[in-house]
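In order, the protein sequences belong to chains A and B. Everything in the first sequence is counted per numbering that gives the first Met the number 0, starting at 0 for the first residue and increasing by one. Everything in the second sequence is counted per numbering that gives the first Met the number 0, starting at 0 for the first residue and increasing by one.
Hints in this document: simulated from the structure, not taken from any laboratory. The structure displayed is predicted, hence computed values, not measured ones. It cannot be assumed that every hint is accurate.
Said to hold, decoys possible - The calculated lysine to aspartate or glutamate pairs, modelled on EDC-like cross-linking and capped at a C-alpha distance of 20 Å, are:
| # | chain 1 | residue 1 | chain 2 | residue 2 |
| --- | --- | --- | --- | --- |
| 1 | A | K160 | A | D89 |
| 2 | B | K272 | A | E187 |
| 3 | A | K33 | B | D220 |
| 4 | A | K92 | A | E30 |
| 5 | B | K257 | A | E223 |
| 6 | B | K257 | A | D156 |
| 7 | B | K257 | A | E187 |
| 8 | A | K92 | A | D22 |
| 9 | A | K160 | B | D321 |
| 10 | B | K272 | A | E30 |
Claimed, not checked - Some but not every residue of chain A turned toward chain B, in silico, with C-beta under 10 Å:
| # | residue |
| --- | --- |
| 11 | A2 |
| 12 | D15 |
| 13 | S16 |
| 14 | R29 |
| 15 | S124 |
| 16 | R150 |
| 17 | D156 |
| 18 | V213 |
Stated by the list, open to error - Ranges of calculated distance between the beta carbons of each label pair, as one might list FRET restraints:
| # | chain 1 | residue 1 | chain 2 | residue 2 | range |
| --- | --- | --- | --- | --- | --- |
| 19 | A | A226 | B | D179 | 33 to 39 Å |
| 20 | A | A226 | B | M326 | 56 to 62 Å |
| 21 | B | D179 | A | K33 | 39 to 45 Å |
| 22 | A | A226 | B | E80 | 53 to 59 Å |
| 23 | A | E223 | B | D230 | 36 to 42 Å |
| 24 | A | D232 | B | D230 | 28 to 34 Å |
| 25 | A | H27 | B | A232 | 37 to 43 Å |
| 26 | B | L165 | A | K41 | 57 to 63 Å |
Ideal Cβ placement from N, Cα and C applies to all residues, glycine included.
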Amino acid sequence: MSAPNVDLVLVLDASDSMRPCIDQLRRHLRELIKPMQGYVGKIRFGLVSLSASSADGAQVFKVNTLAGGTESLQPLYAGARGQYEFFTEDPDKMIRTLEQIEVTGDEHNLLALDIALDHPFGPSSTTKRIVAMFSDEPLEAGVDRASGVSRIQALIDKVHKRRVKLFCAMPYSDAAQRLSEANGSEVEAVDGGPGLSSVNFKALLTQMGKSISVSALQGGLADEAPAALFGQDRWQFGDFGWNGQDAR
Amino acid sequence: MQSPIQGAATLPPTAESSPSVTAHLLPSAADELARIRREMPRLLIELSLRMRAGGRPFPALHFGGPHKVIRLSQETAGAAEDWFFVGDLHGDFFALHSMLRHAETLHPGCRILFLGDMVDRGDHPFESVFLLLEWGLKRPGRLAWIAGNHDVAFDLPDGAEFFTSLVSPAELLQVVNRADALHGFRRELGRFFVNLGKGLPRALLFPDGLLATHGGFPLVDLQAHGAQIEDEAAYLDWLNSPACLKDFTWTRIHRAPKKLPDRHSTGAQYGFKDFEAFCALKPDWFPVQRMITGHEHPADGFAVHATYKINPAMTLVGFGFDDLRAMPEAYAHYTDVLHIGRGRAGALPEVLPVPVDRSELAWMYPELIAAPAVGADASASEPSMQPDAVVAQET
């Protein structure tokens, strides 16, 4: 029996208050890896950090993936990923990328989750597909509240179809409760204050690593699931928004 | 982040389960392995004949009956304390042998209920199958075996050259599909196991309300149909429908209140409120109050699920190797204690520790297990029964 691989996408709320969380993740990332060593094959990391704002009546998003800034969504959704690498086996690269995340603005965690679910995971028959989401705000908070929450059921269906196991550390809310009903999901209700600064990340990541180690492959072949539930595949990339970033 | 299964109960070892009680009153595992291998051709013929309708009874309770989800009568079930429960074995002959010996030592009239998953992973799948069935042959009416998902996943489709399995990885396939001098015999063993899986019951409900099931019960989307049934016989037929049988065998317990049935996955999870809903569905016709499952592999060998308060639930593991490691290394990290459940009327079974005799284990796996030093204090390696957390391994 060959050990299954792990593809793990970290989803980070990159809003103003989240610097302590990102720093803790960077500092303790190896605690996540340790419990998996010897129990799984390759471990690949992916990343989606997202912050949001409104400008001139439009919602403006700043996204980081391992393949780059918001522009990396174009190859993600165009299916022409070419030289773009959305996963890395190098934890140091992941740590460096975490260092470079700029926190600003507001959050849209369900959109970030959706982008993570659209990542090019390894085959579900050989790969544990994991998405781990961190935020200091309830899922209902942030920009675009109503449409975000209205898509939770569609997101759960997508989690199921994509054979993803979902870990969340965020404040308790009705939306978090609903997300916890997804098969294979573990939603940890935390009240860590701004940036989850009072959360013990070493313990949290160690426990998450153990849970990933012992979790089953979600089984079978992944089914087709609709991409870009928030229409992010149709975003227009222009000269407005942060740092010449993006708007829709 | 918390593990899927938490809150293992702390159950102190009982006086009657001390290691000295079980010391070598019955043949060693290595001797039994050699004996059962010699006996397998004869057992294969005898048990195959017994599988056929009209022959002598098969040595497993309610095998091959019209219903696979069965409410046991008081007469059939007998005393709760007679029953010993064994979780997933996955080809671990040593564990099965140790637990059978332990149960018989504690209670010579014991009855065994195996919660399913005999094959895959471990290195003695067929030897384990025949050890258990031979035990039942010699003790009529005292063995029950509920099908696990690995037991029913195995098949030889019509006209196919090779066996298949719905689970992956399925190490049994490497055994039965191997082309060597014993291929013909292995193929017959494989056919026998396919038929065995088809005839095994899927869940047994004891008179005191204990549901013994490998995975779970029909999930909430199916329950909506069951709730509308107004006739007891029709309700039992519904429980025995293919969709419900699949849920009894394949679903997975979780600490959460509720889970949405994921029909894209064979192993959809459920929560404690989902179980409460099932218990409340038709309490006069199928009065479930509590549940014992296999399927999950809590790291400490068992879990009493803390969030299941109104309708309690527990999970048992039978095997002792470290199933997160590849074979044969998994045996090099063998547990110090196995766990067996003993029935208690009106409550979940009591979990009894079965200390592993490491010298006996070393005799079976000399290249992997170092024999304890002569004169070593056996109790020194006796593990704590105070697990502070249980991490689940799903299968």
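Structure-based check of each hint:
1. A:K160 / A:D89: violated, 28 Å
2. B:K272 / A:E187: holds, 18 Å
3. A:K33 / B:D220: violated, 39 Å
4. A:K92 / A:E30: Holds - the C-alpha atoms of E30 (chain A) and K92 (chain A) are around 16 Å apart, at most 20 Å.
5. B:K257 / A:E223: Roughly 25 Å between the alpha carbons, so the hint for K257 (chain B) and E223 (chain A) is violated.
6. B:K257 / A:D156: The hint holds at about 16 Å.
7. B:K257 / A:E187: Measuring from Cα to Cα gives roughly 15 Å; hence the hint holds.
8. A:K92 / A:D22: holds, 15 Å
9. A:K160 / B:D321: Cα-Cα ~30 Å, so violated.
10. B:K272 / A:E30: Roughly 34 Å separates the two Cα atoms, so the pair is violated.
11. A2: Status holds, d = 7 Å.
12. D15: Hint on D15 (chain A): violated, closest Cβ of chain B at ~25 Å, above 10 Å.
13. S16: violated, 21 Å
14. R29: Check failed: Cβ of R29 (chain A) comes no nearer than 16 Å to chain B, outside 10 Å.
15. S124: holds, 6 Å
16. R150: Since chain B brings no Cβ nearer than about 15 Å to R150 (chain A), farther than 10 Å, the hint is violated.
17. D156: holds, 9 Å
18. V213: holds, 4 Å
19. A:A226 / B:D179: 33 to 39 Å: violated, 48 Å
20. A:A226 / B:M326: 56 to 62 Å: violated, 39 Å
21. B:D179 / A:K33: 39 to 45 Å: Roughly 41 Å apart at Cβ, these two residues keep to the hinted range, so it holds.
22. A:A226 / B:E80: 53 to 59 Å: holds, 57 Å
23. A:E223 / B:D230: 36 to 42 Å: The hinted range 36 to 42 Å holds for E223 (chain A) and D230 (chain B), with Cβ atoms some 41 Å apart.
24. A:D232 / B:D230: 28 to 34 Å: violated, 52 Å
25. A:H27 / B:A232: 37 to 43 Å: Since the Cβ atoms of H27 (chain A) and A232 (chain B) sit about 59 Å apart, the hinted range of 37 to 43 Å is violated.
26. B:L165 / A:K41: 57 to 63 Å: violated, 26 Å
The structure fails to meet hints 1, 3, 5, 9, 10, 12, 13, 14, 16, 19, 20, 24, 25, 26 from the earlier list, while all remaining hints are met.
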